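Undergrad: Sequence:
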Amino acid sequence: MVALGAFPAAKLGALLLRQVSKPIANFVKERAKQSPVFRSYVCMPPAQFYNWCEVKMKMYFMNLGTAGKVKPLSETMAIELGSNLLGEGIIFFVAAVLLLFEYNRQVRKEQAKEDARLQDQEDLSNAIRNLDLMSEQHSAEIRRLTYLVDDLISKVNSKSSTEPFTPSELPPSSSKQNEPEYSKNLVSNEMNENLIFKSIKMLIQSVQQV
Numbered sequence: 132m133v134a135l136g137a138f139p140a141a142k143l144g145a146l147l148l149r150q151v152s153k154p155i156a157n158f159v160k161e162r163a164k165q166s167p168v169f170r171s172y173v174c175m176p177p178a179q180f181y182n183w184c185e186v187k188m189k190m191y192f193m194n195l196g197t198a199g200k201v202k203p204l205s206e207t208m209a210i211e212l213g214s215n216l217l218g219e220g221i222i223f224f225v226a227a228v229l230l231l232f233e234y235n236r237q238v239r240k241e242q243a244k245e246d247a248r249l250q251d252q253e254d255l256s257n258a259i260r261n262l263d264l265m266s267e268q269h270s271a272e273i274r275r276l277t278y279l280v281d282d283l284i285s286k287v288n289s290k291s292s293t294e295p296f297t298p299s300e301l302p303p304s305s306s307k308q309n310e311p312e313y314s315k316n317l318v319s320n321e322m323n324e325n326l327i328f329k330s331i332k333m334l335i336q337s338v339q340q341v
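All the letters of the sequence shown, read from the start, carry residue numbers 132 to 341 under our numbering.
Keep in mind that the hints were calculated from the coordinates and are not lab data. Errors might be hidden in some of the hints.
Capping the alpha-carbon separation at 25 Å, the derived lysine-lysine pairs in DSS-like fashion look like this [said to hold, decoys possible]:
#1 K200 - K189
#2 K164 - K153
#3 K202 - K189
#4 K187 - K202
Computed from a prediction, not measured in an experiment: that's the story for all the values here.
When you get a sec, could you build the whole thing from the sequences and use the hints?
TA: Below, the structure is given as structure tokens:
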């Protein structure tokens with residue numbers, strides 16, 4: 132599809148250049164008619180040289196030998212041919228400048244794409260490094276919280292195992308009276324401990340999810 136679209140564009144470009152070259156050639160002709168200096172030193176010498184080269188090449192390829200002296204063109208024909216050559220040369224120069232400009236533009240465009248791609252890769256690498264750092268920080272925080280939970284559990288277990296409370300320690304007269312209150316306090320303490328453990332576990336889970 133790109134190749135098919137490029138050929139008509141090239142043909143249109145060549146046609147446009149030829150159309151532009153005509154007024155340039157006409158301007159050169161008028162300038163040659165009005166200025167003897169321009170006619171003698173700018174317009175006619177390229178035409179005579181082109182005619183000499185053309186005659187030599189034709190005789191060489193047609194095996195006609197070499198001409199000792201090539202007859203120069205008349206002034207009218209030299210002005211006509213010279214103006215056409217100058218017009219074509221100007222158009223060729225403009226086309227070369229445009230092609231060079233387009234080439235440089237494409238190079239800058241590709242370089243910009245490459246720079247953007249490298250910048251994206253660098254940003255992605257920085258994001259990955261930041262994620263690794265955050266993961267390490269979260270892992271350290273999880274280890275710290277786990278250590279605190281284990282330490283708290285060990286302290287609670289050691290306290291409950293070393294300091295058991297029995298109803299026999301109560302005074303005989305008030306043992307039965309204080310037993311319901313003691314049971315109530317014991318249940319309340321267990322509920323508080325369970326609530327603390329659940330809160331710590333929820334905190335650890337929230338850190339792990341982050």
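Undergrad: Any hints this thing doesn't respect? Which numbers, in order?
TA: Violated hints: none at all, because every hint is consistent with the structure.
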